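Those sequence lines, one after another, are chains A and B.
Sequence positions in the first sequence follow the working numbering and run 1 to 341.
Sequence positions in the second sequence follow the working numbering and run 1 to 277.
To be clear, the hints were calculated from the coordinates, so they are not data collected in a lab.
Mixed in with the good hints there might be a few duds.
[What the hints assert, rightly or not] Cross-link-like lysine-lysine pairs, in silico, DSS-like; alpha carbons within 25 Å at most:
| id | chain 1 | residue 1 | chain 2 | residue 2 |
| --- | --- | --- | --- | --- |
| 1 | B | 234 | A | 156 |
| 2 | B | 69 | B | 18 |
| 3 | B | 266 | A | 330 |
| 4 | B | 265 | A | 210 |
| 5 | A | 181 | A | 37 |
| 6 | B | 234 | A | 37 |
| 7 | A | 272 | B | 266 |
| 8 | B | 234 | B | 18 |
| 9 | B | 113 | B | 201 |
| 10 | B | 226 | A | 155 |
| 11 | A | 222 | B | 15 |
| 12 | B | 72 | B | 22 |
| 13 | A | 222 | B | 18 |
| 14 | B | 186 | A | 222 |
| 15 | B | 72 | B | 50 |
| 16 | A | 16 | B | 150 |
| 17 | B | 201 | B | 50 |
| 18 | A | 197 | B | 186 |
| 19 | A | 179 | A | 39 |
| 20 | B | 265 | A | 272 |
| 21 | B | 15 | B | 50 |
| 22 | A | 155 | B | 234 |
| 23 | A | 272 | A | 330 |
| 24 | B | 152 | A | 197 |
| 25 | A | 210 | B | 186 |
| 26 | A | 16 | A | 210 |
| 27 | A | 210 | B | 113 |
| 28 | A | 186 | A | 16 |
| 29 | A | 330 | B | 265 |
| 30 | B | 108 | A | 156 |
| 31 | B | 186 | B | 72 |
| 32 | A | 231 | B | 186 |
| 33 | B | 50 | A | 210 |
| 34 | B | 111 | B | 51 |
| 35 | A | 231 | A | 330 |
| 36 | A | 231 | B | 15 |
| 37 | B | 186 | B | 15 |
| 38 | B | 186 | B | 69 |
| 39 | A | 167 | B | 265 |
| 40 | A | 197 | B | 150 |
Quick caveat, the model's predicted, so the values are computed rather than measured.
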Amino acid sequence: MSFEDYHGIWVFIEVKDGEVVPVSLELLGAGRELADKRKTELAGVLIGENVTHLADSLFEFGADTVYVYDDAIFRDYRTESYMKALLECCQKYKPEVILYGATSTGKDLASAVATDLPTGLTADSTILDIEEDTGLLLASRPAFGGNIMATILCKKYRPQMATVRPKVMKALTPEPGRKGKLIEEKTSLKEEDIRTKVLEIVRQTTKKVKIDEADIIVAGGKGLGSPNGFKLIHELAETLGGAVGASRDVVEAGWIEHHHQVGQTGVTVTPKIYFAIGISGAIQHIVGMQNSGLIIAINNDPEAPIFQSSHYGIVGDAFEVVPLLIEQFKQVFNREAVDHV
Amino acid sequence: MLHIVACIKQVPDTKIIKMNPKTNTMDRASAPAILNPYDAHAVEEAVRLKKRYGGTVSVLTMGPPPAVKAIKKCIEIGADEGYMISDRAFAGADTLATSYALTKAIEKISKIKSVDLIICGKMTIDGDTGQVGPGIARRLDMPPLTSVNKVKEINVEEGYAVVHRKLEDGYEVIQSTMPCLMSVEKEINEVPYSSMTNMLKAVRYQPIIWAVADLEDVERTQLGLKGSPTIVSKVWAPAKPSGGEMLEGDVSQQTEQLLNILLEKKELFAVKGGDGS
Numbered sequence: 001m002s003f004e005d006y007h008g009i010w011v012f013i014e015v016k017d018g019e020v021v022p023v024s025l026e027l028l029g030a031g032r033e034l035a036d037k038r039k040t041e042l043a044g045v046l047i048g049e050n051v052t053h054l055a056d057s058l059f060e061f062g063a064d065t066v067y068v069y070d071d072a073i074f075r076d077y078r079t080e081s082y083m084k085a086l087l088e089c090c091q092k093y094k095p096e097v098i099l100y101g102a103t104s105t106g107k108d109l110a111s112a113v114a115t116d117l118p119t120g121l122t123a124d125s126t127i128l129d130i131e132e133d134t135g136l137l138l139a140s141r142p143a144f145g146g147n148i149m150a151t152i153l154c155k156k157y158r159p160q161m162a163t164v165r166p167k168v169m170k171a172l173t174p175e176p177g178r179k180g181k182l183i184e185e186k187t188s189l190k191e192e193d194i195r196t197k198v199l200e201i202v203r204q205t206t207k208k209v210k211i212d213e214a215d216i217i218v219a220g221g222k223g224l225g226s227p228n229g230f231k232l233i234h235e236l237a238e239t240l241g242g243a244v245g246a247s248r249d250v251v252e253a254g255w256i257e258h259h260h261q262v263g264q265t266g267v268t269v270t271p272k273i274y275f276a277i278g279i280s281g282a283i284q285h286i287v288g289m290q291n292s293g294l295i296i297a298i299n300n301d302p303e304a305p306i307f308q309s310s311h312y313g314i315v316g317d318a319f320e321v322v323p324l325l326i327e328q329f330k331q332v333f334n335r336e337a338v339d340h341v
Numbered sequence: 001m002l003h004i005v006a007c008i009k010q011v012p013d014t015k016i017i018k019m020n021p022k023t024n025t026m027d028r029a030s031a032p033a034i035l036n037p038y039d040a041h042a043v044e045e046a047v048r049l050k051k052r053y054g055g056t057v058s059v060l061t062m063g064p065p066p067a068v069k070a071i072k073k074c075i076e077i078g079a080d081e082g083y084m085i086s087d088r089a090f091a092g093a094d095t096l097a098t099s100y101a102l103t104k105a106i107e108k109i110s111k112i113k114s115v116d117l118i119i120c121g122k123m124t125i126d127g128d129t130g131q132v133g134p135g136i137a138r139r140l141d142m143p144p145l146t147s148v149n150k151v152k153e154i155n156v157e158e159g160y161a162v163v164h165r166k167l168e169d170g171y172e173v174i175q176s177t178m179p180c181l182m183s184v185e186k187e188i189n190e191v192p193y194s195s196m197t198n199m200l201k202a203v204r205y206q207p208i209i210w211a212v213a214d215l216e217d218v219e220r221t222q223l224g225l226k227g228s229p230t231i232v233s234k235v236w237a238p239a240k241p242s243g244g245e246m247l248e249g250d251v252s253q254q255t256e257q258l259l260n261i262l263l264e265k266k267e268l269f270a271v272k273g274g275d276g277s
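Just chain B, same shape as in the assembly (with noise of 0.2 Å):
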């Protein structure tokens, strides 16, 4: 039976979030706190592995308590189990860091049940990176699937997989052996409206949290801010450029204007179709 543990995080809505002008920080508050959206695609595609080949699926997350919400969500989508870890010393962690803090919790919950296959998002919204994974990967001494956009097939008798992994101009088709871990693409999947029962499930569900003390091994000079060798040193805004011309009128006014401006490169317009090529 197989058991898959999903990184998840909880982050703010990016797209509708505003900056503070003058501190150039992120106003929290005006964006709502969401589940990642391409880690919703890693659930899902454990769920149905799950549904494909028997198995559990846990999700792991690390964050502040109300993160707990975007574990329910996850437990909406279909997963077993919530892990969290919270904890101050967790704060300020780059990619480097959290990678290290959420290592030592999936090795806490191999002890509950040994772990064959983790999955994580592409990345994150609010980060951006996608490094984490790789970083869980390489930490645990897996091999780690990048850019998986098809799992094509998981023998679990004989601990391998064999993924499609998304190039640029195509796809790679990889085997793998087993424990691995992959960072799946959005395409992966769609992520179905949950089922009444998932839902109700996850209203009462309270996931397991373990703060640091908790944690076995771990090396406290390599948490948070810390352990991160990466550091913000400036945040700002880029120079407005100074913008062109507004073309102003009535509708029909602005797009003869427009037009205008596009025939002056006619060339670009004049080989379209007209070699046939």
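So here's chain A without its partners, still in its complex pose (with noise of 0.2 Å):
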């Protein structure tokens, strides 16, 4: 393998209902960097059934290239197909780097392509650097369950290639009438290469609040004690509006259901407010809330890494605190209404 023919940063466009998902349009704008540090170009791989007429706007969003593969045989993401449509893709043009967003599509055919490929894979990235001389990918994420970062490199294989969480980086402001080159490849896959079929897509909308477009998240973690004790979670949250998060081990204890979990292996968020309510602040819920607005912190251990990552801290006992909180809160916020009336 020389690594001499190998040119380019990719990152895989993942489409869905029609439009690019905001993922992609974040690592257009990391890979931006990294292609403009290594002054080489930036492409995008764009899979789908009428997709192509979306490569305009990924050269707004910063692309130089974009292929495009489609066919009515991508209609569905299916791993078999977009895996052959991709490796095919890594095959013709050698990239020296291909990202992901790390949603359920990206990481699972990434995973697939690294294995057919074969090369390295880092999963669930959230710093990403590129060395100027070597094109060397440092890929940089929460290891261990989430208590340290470790910086992971492929320096025997290319394409290097990494899921990225979404919501971490940042997508350029696109820049109405950018042009790019528009690369067309046509597909010799048939239906009957194929071993899986979509049979139905099922979309379940119907969450209370959508913890990831939440202004207000009241999160807690195993320092409430109980199932029963994290109760006051939800009564604080339902007082101030806002959505319900939860640390990983309140999760994979069963008190509540994973599509709460905040954190690397759960849902980045950006609310206006966090409050981290019993939740000590292991790294790896630290970088699913970090960029949040404003951050309160309680928590009874003086210690604990949280207040660290917050912009507020109360250390005490949540089960005072909160419901004399959530007490004052109504008292006032009642009298706020009836002054503005």
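Dock chain to chain to rebuild the complex, using the hints, since each chain is given by itself in its own frame.
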């Protein structure tokens, strides 16, 4: 393998319901920086049915080139069909780096592609950098259950690949009218080559307040002691009109469902106010909420690391602090409301 | 009759593990070794499918000799057989080298009894990648079905499976030919307390243990550290943010200060129910 032959930073462009998902645009932003540093091009790989027109917006978000596979066989995401297209594109154009959003689709595709190439794959990266002269990708992520950060390298194989957490990188402000090179690829895949079929897609959007869109999140951890104690979190969230978040151990203990989990293996959130109550503050949790506007921590352990990542901290018993806060908030909020009538 | 292989791993309990602040390494002695919690759901699902359709459940792990304990835990859940590959040559494997070694073991198991279905947990709690399952599927040329939260149907005669695959905002129903590999979400089932019969069986159970030399057609360069394209170059604790202001005083003084902070952002709260939206 001659590394000289491998050029360019690629982003797998994920499309859902006819639109590019936000993380793909975020990765074009991150990829732009890497490409500029390495003085190489940034390309998007767009796979789907009736997706070619989406390339225009990818150029506006920073792509120099877009490779597109537009065919009815790609109507639904399927590991085998998408993998084969991407592998073919890789073998033809030889990128130095491929980035994927760490979504269910991105992770699924990246794992399969990495095995077939073969190459190394770093999962759930939160920091990316590249060595200007060697092109070595430095992908960092929380490791060992999120207790620490690790930088992962892939020195002997190309392309280098990483999946990247949504909402960690920043998309560029689109530059209207910015153009790039569109390269349309044909696929030789046939339906009978693919061993899976998508029979149905069911969207469930009935959750009360979606945690990744909430302005206020009240998150609780093991410090609340029991599922019963965790009710306090629901109560405060309801009072403030916010969504309920949870730490990993609470979810693993079964106190609340996984879609409430904030952190590396849960959701990354950026609300205007984030309450961390009875949460110690492991790195894997912090990476999921550190970009929140205002972080308030309540914990009875003054040494808890969460206090280092919060704007305001209260050392105290959540079962004393929170009920009092709810009571005072209700009083003041009502009075405030009346004042404005 | 179905033959299901569940791939499992013994992991340090990362929830309670302590880090050595000087070397930034895990102090493994500080945490008990447990069956990876996600893998318990994989084994449980295999056992449930066995009850539904008949068949055998084998579990497979790669690890040092003490990992036998994790296999015994799977026997308690209801697995029939346990296989372990254990050799210094496997040490230091990343996800690519791990999927290679496990694939070689599954090929050997297939010769004893052909494999219809492989089930893995969503990921391990020490590696957090979820990449090994799909890797095994690709190497065995089986369709990888990730994020499975329900197995709707298995049709052994016609050789297909129908599953629900979890998405960020719902799920998709997928039909796949068999054999295939599923990696399953935690919510797919609840692992009940083990029966006394299974617990007694587990006490005496000894898995079949293979070293590299027992496996066939193994390219040693693809194993362990040597076979791993990724390396950890640096481990570091992120610079600690200095932290913000601590609200002092007794409880009511603390909450009062907090309330004033919240009221600076009262426009956020006014939205609630205000216009009935």
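**OP:** Provide an ascending list of the numbers of those earlier hints which the structure does not satisfy.
**Re:** Numbers 12, 21, 27, 30 and 33, in rising order.
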